Amino acid sequence: MQLFPRALNKLPLVAAVGLTGALVGVVFVFWYYFSPKNLQVGYAPIQPVPYSHRLHAGQLGIDCRYCHANIERSAHAMIPPTQTCMGCHSVVKTDSARLANVRASWTSGAPIEWVKVHKLPEHAFFDHSAHLAAGVGCSTCHGRIDQMDVVRLDKPISMGWCLECHRDPTPNLRPKDQITNMDWRPEMAPPGWQPPAVNPPQHCSGCHR
Amino acid sequence: MKRQPYELANAAQDGGAVFWKSLEEKNSNDGLQKMKEAEFPLGISPDELPKGVVAQVSRRGFVKVGAAMTALLGLDGCVRRPVEKIAPYTRAPEYAIPGVPSHYATVVSQRGEALGLLVEAHEGRPTKVEGNPDHPASKGAADLLAQASILDLYDPDRSTSVVHGGKPAKYDEFEKAFELLMEATEADAGAKMRVLVQPTNSPTFVRLRDQVRQRFSQARFHTWSAVSDSNAREGARLAFGQPMHANYDYARARVIVSLDSDFLQTEPGAVRATRSFADGRRLREPSDTMSRLYMVESTYSTTGANADHRLRLPSRDVERYARLLAKELAASGLDLGPVRGALGDSPADGIPEHWIKSVAKEILANRGRAVIVAGTRQPARVHALVHALNAALGNVGQVVTYTPVVDVAEQDHASDLRQLALDMDGGKVETLVILGGNPVYDAPGDVKFGERLAKVKNTFHLSSRVDETSKACAWHVPLAHSFEAWGDQRSLDGTWSIQQPLIQPLRDGKSEIELLSLMVGGLMETGDKPRSGYDSVRDTLRQVSRATTGFEKQWTTALSRGLLPGSAPFAFTPSDVKGADIAAELAKPRPAAKPLGGGQVEVVFTADDKMVDGRHANNPWLCELPAPMTKIVWDNAAYLSPKTAADLGVTSGDVIELSREGASATIAAWILPGHADGSVTVSLGWGRTDAGRYGNGRGFDVNRLRSVESLHFTDGVAVRNTGARHELTQTQDHHSMEGRPVAIDATLDEYKATPNFSQFRSPTPRTLPLWNRRDYSQGHRWGMNIDLSACTGCNACVVACQAENNVATVGKDQVGRGREMLWLRVDRYFVGSDEADPKVAMQPLACVQCEEAPCENVCPVNATAHSPEGLNDMAYNRCIGTRYCANNCPYKVRRFNYLEFQGGEQIGGPPEALYGELPEVRKMQFNPNVTVRMRGVMEKCTYCVQRIQEGKIAAKRSGQPVRDGDITPACAQTCPANAITFGDLNDPTARVTQAAKRDRSYQLLAEIGTHPRTTYLGKIRNPNTSPEWTKEKG
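Protein sequence lines correspond, in order, to chains C and A. As numbered in the numbering used here, residues 1 to 209 make up the first sequence, in order. As numbered in the numbering used here, residues 10001 to 11034 make up the second sequence, in order.
There may be inaccurate statements among the hints.
Stated by the list, open to error - Computed beta-carbon distance windows for the label pairs:
| # | chain 1 | residue 1 | chain 2 | residue 2 | range |
| --- | --- | --- | --- | --- | --- |
| 1 | C | P191 | A | V10921 | 57 to 67 Å |
| 2 | C | V27 | A | T10767 | 38 to 48 Å |
| 3 | C | N199 | A | T10549 | 12 to 22 Å |
None of these hints come from the bench; they were simulated from the model. Every value quoted in this text rests on a predicted model; they were computed, and no experiment measured them. Backbone N, C-alpha and C fix where the C-beta goes; we use that ideal spot for every residue, glycine too.
Please work from the sequences and hints to get the whole structure.
Next up, the structure:
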């Protein structure tokens, strides 16, 4: 007596293929969608002040280092003090509603609490000055900030992404006077310019201390 | 697994020295053997879990939760990381760059010396102390107290407000009440007012005090400190008619005789002395010369550990030795004038003849290059005799110089305090202002300061915390830390430094000079308002400034350099030693020495290596720092020799009662090989009751046993074994290297005969490596060299490492379980087979960065991996805590976080409230460039990799290569002896390369083929090899 229909003979094969497919699918979903590339890139939180880099850095053409001063000396890219904002806005747009929080901070002395966008993985130590000294431009990691109204994470800022460049930095280097050029493309390099041998660390303590 | 005996163990069998860390190890104690085999003495044990946890959680429940957690782990990636805020400055301070630390030059008063410092501050938060390279007292080095002082700043138990009658009050209230009282006191010119101060080196303090004296002509100032150089001052007064500091040039001395002076650790000016002493013994090649140190002492001090010959004598007999030595010198033709006749006829009992004859001969052979130095414990007449000897030998002006003291009015502390006590009894004191110090705790027992204080109507106490004295006073005023207040200090050589604050007072504290300004009141130049500390210091400097114009420039220079250029007075040579006065003092009859033995001992009171007089009692770094000689943590103990212990029938850990003339103290005993027989050493500064959460109830208070007459040592003390036991926790048997020859030493003659002696005991491996060795010839090749001959074992490096690398303290209970976290330890080995009188070798040991690292091969997750520069990196976030690496480390330098030692949620929690809840204020000290490690993570030294990275990045910024000396790890930077060098071994001119190439250089355990980057220079001793000496030694 036949309890199971004949078609069931194919079940082990179907199950094997199906389960393998499902497993590959799950792995793929995690590998692709759960990666910083997918989860982190595009993070653009609402900031306490609707500051537009497109306006200041893009249209007005203010150099990055006007506000992010000392970036060539320090590990941190320093969010400017309220003082820097007020340097201009005590005479420009003095009554703009968009600047209310800046003025409030200036009078009260309480800092403006910006939301961190470019957040490194935990336990990693990053130094801006080292990267600038090597000739890595702002836009290489931060994207076209000059075209953003709200700052958005443009690159994954993950360990794998960092290491890609640390293994082969040459395509991402530019002459030091072009660091803040947002529109930089490798073909813009002056004739005869050779990327320096920067020898970035690839070992643990390069970033983890 | 059965342990294989180590092939080079017990070098003694082939005639080498015997190295042992403790008597238990030497005598192969079974328990110790078991501990060694266990590697990690205990894992997490049920007694550390909260009650009931073990019963509640079943195996099934545990697996259920574990499985659920594993399943959920994948979802971790779905969660957006928490939102973080960035709060920039509103108005940025000038020159402040976020991320770039600033360094301020300042000065701190330490054991009577003013130590010039550079303090690092991150965004206004002082985090690390270094020595000021321009300052003559520190020369870029700092001692363990200076290193630890940063933690005192963030002590969570400092008082936060004025306290009046036990209740918090406002500072304004105090100021008003105090000013009213001062005005009322003016009526009788302060006849009933007394001020008790600490000894000072501050010119502003002295100037303001004199102004207070002008206002209150009848008021009296008294000076008291439980630990001071009062005897040395009085000795100079006796010898020269005025107090002065003696400065010794140990670098140029050929022979040094120390009479109970621990000049390398607990005496004033130890940092300078250590540098100078090490310089006098630094050997580059066998033909170099080195000094010879003879030490006569009762306890085994750090200085004794560095002595070439050491005579164990009870402290009271040191004077007898000094007299016998002086007599011998005089008999050999030294003109001592009237002093010669007053030396008396002391018997030479217990003092070997060669210690008198041979030493005298050597001193005479090195006239002008001999240093005789007396310890602050010894009475003034011994100091006077030493001055007379140094003068007669022509050492003065050569290796001994004198400088004036800052405060000439300071009197002998003991008699000064007794006078105050008598006045308090006689009702002559209505108002007592105590500026700093803690006399209720640290005054000698017979003064009964606490009881007498109750008789005084108005009492004020300026103190960092509501301590024993504050509780007995009507008013308590918080004292500012020296990094919070303006001040000035002069070093022992006279160098004038400004104490520059780095931070506003965290706890609203006031400095001593600010309170003095308040007392000066109406006499002020500017009317009624008290001068601020800043103004007072400038006033003083303006008065002495020779420059009539350009004061501001002088001031700025003093601030930025940390000292006033040219302020050290020319050291002078007193022409006349008042021989007759010294003779008269020496000839005075003294009470006969009481016999030692039969339950009667001498007790010696020493300044604690870590607590001094108890002022650092609430500093967990210092509490947990293993004491330099005994390696005891979180306690003090009564040290006694093996023979005395046997006579008294006590063993280590027995609580003994010491009693004399009605006073008594109980303290746990500890057998210290090399201690003088018949003598017991106890250190001050422990057993506090109101120090704070860390210091309360730690150790034993022995101040009650002291008396005004016998402040530093006393005989006729009866010892009784109470039968009780106290668990003393020590680290000397932890991290055992199983008798392998590690701290290699030789005598100068042996070195001359065989310059590469150390390599014989550290031979190259006999087996071939398992794989091809990596090529490190390109790029940097970091390496370290430690000169065991220069290292004195002062332990400054240990605290510096702890401060730089956010190393946790774990508490006594955890240390007892073998879980101390110190990355760098200083191993103290006893050398020789004589338990009663061994020599000592010190060896600082941190991770040696093996090129063929055994730890890396066993890490299942690659959390510890090699960098191309040869560092053995730790990626903390990768570590899963298998501890395999620590098991496989032959040097035992890896440390595991068994619990959340740096705060955070605990499983259960240890019995001590040490961590778990790390006070917010303490977190301000953390170095922002170093990860604060969590539970379950292995950690170790990485040559301060954050400093290496910073140095390399700085070089990248400037476009210049990294030069030798640009990068210095914390231990090397703070080393007072300059024993540690660090640099790039690929740079042939680097100091470390030169050092590593020296003939006595060796690799630790070279025979196992780990190729460590840290090399050591073998220790050289310089024993007397004259026939008389060796014959006597027999």
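Check your understanding: Taking 57 to 67 Å as the hint, is the beta-carbon distance of P191 of chain C and V10921 of chain A inside that range?
Key -> Because 59 Å falls inside the window, the suggested range holds.
Check your understanding: Does the Cβ pair V27 of chain C, T10767 of chain A satisfy 38 to 48 Å?
Key -> 45 Å, holds
Practice item. Indicate whether the distance between the beta carbons of N199 of chain C and T10549 of chain A respects the range 12 to 22 Å. Key: This hint is violated: roughly 53 Å between Cβ atoms.
The structure fails hint 3 only (numbered hints given earlier).
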